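Peer 1: The listed protein sequences correspond, in order, to chains A and B.
In terms of my numbering, the first sequence opens at residue 114 and continues consecutively.
In terms of my numbering, the second sequence opens at residue 990 and continues consecutively.
Because the hints were derived from the structure by calculation, they are not lab data.
In this text, all values refer to a predicted model and were calculated from it rather than measured experimentally.
Keep in mind that a hint or two might mislead.
Below, computed lysine to any residue pairings styled on SDA-like, alpha-carbon distance capped at 20 Å [stated by the list, open to error]: (1) A:Lys264 - B:Glu1235; (2) A:Lys393 - B:Tyr1275; (3) A:Lys260 - B:Asp1112; (4) A:Lys367 - B:Gly1184; (5) B:Lys1176 - B:Lys1256; (6) B:Lys1247 - A:Arg238; (7) A:Lys431 - B:Phe1132; (8) A:Lys430 - B:Asp1112; (9) B:Lys1256 - A:Thr307; (10) A:Lys431 - B:Gly1264; (11) B:Lys1279 - A:Asp316; (12) B:Lys1176 - A:Lys260; (13) A:Lys400 - B:Gly1260; (14) B:Lys1167 - A:Phe300.
Which stretches of chain B does chain A cover? Using the computed rule of at least three CB atoms under 8 Å from a CB of chain A, they are [as the list claims (entries may be wrong)]: (15) 1099-1112; (16) 1259-1270.
Covered stretches of chain A, going by a simulated chain B footprint (3 or more residues, C-beta under 8 Å) [as the list claims (entries may be wrong)]: (17) 156-167; (18) 364-376; (19) 390-398; (20) 403-413; (21) 420-432.
Glycine included, every Cβ here is placed at the ideal spot set by N, Cα and C.
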Amino acid sequence: MSNGVIAITEQSEGVLRKVACEALSEGKRIAENMGCSLTAVVLGSGMENVSDEPGKYGADKIIVVDNKALSEYMTDAYTNVIAEIVNKENPSVLILGASSQGKDLSARLSARLNAPLAMDCVAVRIEDGNVIATRPMYGGKILTDVKLQGKPQIVAVRPNAMSIAESSGAGAIEKLDIDAGKTDLIFVEKQLDTGKVELTEADVVVSGGRGMGGADFSVIEELAELMGGAVGASRSAVDEGWRSVSDQVGQTGKVVSPNLYIACGISGAIQHLAGMSTSKVIVAINKDAEAPVFSNADYGIVGDLFEYIPLITEEIKKLKAG
Amino acid sequence: MDNKKFHAICIEIEKGKWMKVSLFNRKERIYKVEIIVLLKQVPATESFIGIADDGISIKTEDIKWVINPYDEFAVEEALRIKSAHGGTVTIISTGPEKSVETIRTALAMGADKGILIKNPEADKCDGLGTARILAAALKNIKFDLIIAGQRAVDDDNFQVGTALSEFLSIPNISLVEKEEIVDGKIKCYRTVEGGTVVLEAPLPILFTTQKGLNEPRYASLPGIMKAKRKPMDIKSLSDIGIDASEIGEPMVKIVAMKLPAERKGGKIIKGDSAGSIAAELVKVLYEEAKVI
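Okay, chain B solo, but in the shape it has when bound:
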């Protein structure tokens, strides 16, 4: 042992970290999990969404851009798995260059590195196109687990994560509210109508998040400072060997957008007493609206 190493170990003992070092050598600690988290930047859910002049896209001015809420659960779960098993958490996103801001937020939460595949035409890309880009980017990266949001709250497609697992030839489990990793296998609690289904699969696998999986942490100030120095790999489509023409024309094209029909606006039921108001409401629901 050279002096440097000896010195480092002495410092660890001094700090009382010896327990931690020895824990690290226990058997279950050997199963490090290399985790990829898919991330998308979306308008904050409190945003009002308006239609742009072209009629097929949204107005982007005045929108606050945030991490897709379901992807936040994915980042948090990845960090928890990392702290239990060891490993690294890599964030990957594809989209316009400004998506880098949300990757930084995930790094500030504690993720280790970020990858952005720039696609200035991302809004024209359909779900399969996005999944193909991510598949190409992950082709030469080793991973045990991919975690994705069940859907992005902008296009509400529920498609990219699951399609990516198909392109990577790995199994997928959607809408996971709880997971346990033991001996290279994962057990997932998937929410379905009226309950939960428990499934098991060998790693690697992709799962998508359901609300209730965890409570995402906030980025701390030291976290934000540290995030500035964490590796961020920004690549173009050609860097990952994709020719824009290879993704091809999208098979799903937006041809029109409209706002949902506005309600005529609350007819407030009035009356002499609570009893007569309740009776009047039931009467209009029965006779006028015909819904009961």
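Pulled out of the complex, with its shape left as it was, chain A reads as follows:
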């Protein structure tokens, strides 16, 4: 049944997003398992820099559609173009990152192509030619295996869940001229803070909760910056107006899976734990020794975060210097 795997890539300011590299790497593993080829799709406008990069992650072929209508992600234009590529290539599996763009695109594509979709997957395996994807439900309180039947089987991978592996692919570029078709959406403007590490893609997340006592997060900002990480917040810190909604980690916020999650002054409500439980290592710092966060952490310090975080920051500085 195999007609290959297509990975839809995503870029930010002319650079492949980390989640796109993860989707390509996982796509390559699926393709090897199924004994077929991996094709990367790169959409955009004037993106010579990115075009051949997917080859590094094992893409045998790279389909490039360079079109002014694709310079910004627009659901309708992107769906029209990708649906045409899928109809031409007839892939068995379509893989992409479950970023804000990937979630929107994969949902619309699933309806356009009448194709099964597994959203926000943390693991994928192939059984008898079908995708079995593991995906968190109930905000991560449950891990579910779903079996996809149909074609193509769409897999949207959760940021930070799949390992990046470089491998050689021929990476032959095939430029296609595809019209963006009928579109209704009009791009007006965007405001992006590109200097900021994206919470869902960060290797280290330092989060503050009610124990921060106010909007001054400078101690944890400093620690996060030192480790090239991002700052998160509990729901109560967001509801207090100390941090913006985009920083919220939890069942009604973002779900994060960093290598290291440091919870500062967060008691550990079940909704918050659900949003960070897939982190590889969890550290909790809290004054209250009874806080539920400790039983869900790998390491804990019972004490005042304002005393310990600066000391930890100093120790890491020493480590980096040495």
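Once you have looked at the hints, place chain B on chain A.
Peer 2: Leaving out everything else, chain B in the frame of chain A:
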């Protein structure tokens, strides 16, 4: 003018509502917006979720069922658009019969009418199946705007709203934190990694909600009383012309469920001083956990 109408207008003037009546005739008031809100009943987020004996569904006893939090933002935004532009707010849900409770809650918040498409097999339905049911139900209903939650916090699929817009051949914008409707067009502020993208589209459109869009109101006691008399249309799949076999076998099937691996449980770092505790933590993160 007949006596009855004349009398009614006199009462309006008496109540000091004349301004309101004349405002209603101003040009921008003419663009009434007919709004549909998609609603799903889900377990409250504070619920502990356990796996049922069949291994592929959750234990439903002891669960408190509520409106999906992202759908609450949708109801609130619909009510705000209605109060600014006029129009009606219709709530639609598909699922088991008890979903009617959450529709009533939305009516108590101020929505005008409710539609429930009963589907006793809803938990076996995949996202596309649900979207097909909603598309069939909305086939003969006029609307300018559909608002849906970005995701339901039970299956976390991020799929139904967007798939429905495809089936209805209308545009969609996801993760909207702010919107403005002017002259039959909508401007949406969509959240993306690291910022916001502003898009515009002609109505009708479907958009999905992001936290921060608004602060949902609570249902008032008079609201709850009024909700009991508001229209509630309960239909079966065959009433909307759907044969269960038409939705077909789900293409996405749950084959197993498990609880995430439990942590061994907090190794509390101890020491003589704060400095030595901090140094010990950094040491174990570097040497043992190898994450820094």
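Peer 1: Each hint should be assessed against the structure and marked as holding or not.
Peer 2: Going through the hints against the structure:
no.: 1; hint: A:Lys264 - B:Glu1235; result: holds, 18 Å
no.: 2; hint: A:Lys393 - B:Tyr1275; result: holds, 14 Å
no.: 3; hint: A:Lys260 - B:Asp1112; result: holds, 15 Å
no.: 4; hint: A:Lys367 - B:Gly1184; result: holds, 14 Å
no.: 5; hint: B:Lys1176 - B:Lys1256; result: violated, 50 Å
no.: 6; hint: B:Lys1247 - A:Arg238; result: holds, 16 Å
no.: 7; hint: A:Lys431 - B:Phe1132; result: violated, 62 Å
no.: 8; hint: A:Lys430 - B:Asp1112; result: violated, 52 Å
no.: 9; hint: B:Lys1256 - A:Thr307; result: violated, 37 Å
no.: 10; hint: A:Lys431 - B:Gly1264; result: holds, 13 Å
no.: 11; hint: B:Lys1279 - A:Asp316; result: holds, 12 Å
no.: 12; hint: B:Lys1176 - A:Lys260; result: violated, 38 Å
no.: 13; hint: A:Lys400 - B:Gly1260; result: holds, 16 Å
no.: 14; hint: B:Lys1167 - A:Phe300; result: holds, 15 Å
no.: 15; hint: 1099-1112; result: violated (count 0)
no.: 16; hint: 1259-1270; result: holds (count 6)
no.: 17; hint: 156-167; result: violated (count 0)
no.: 18; hint: 364-376; result: holds (count 5)
no.: 19; hint: 390-398; result: holds (count 7)
no.: 20; hint: 403-413; result: holds (count 7)
no.: 21; hint: 420-432; result: holds (count 8)
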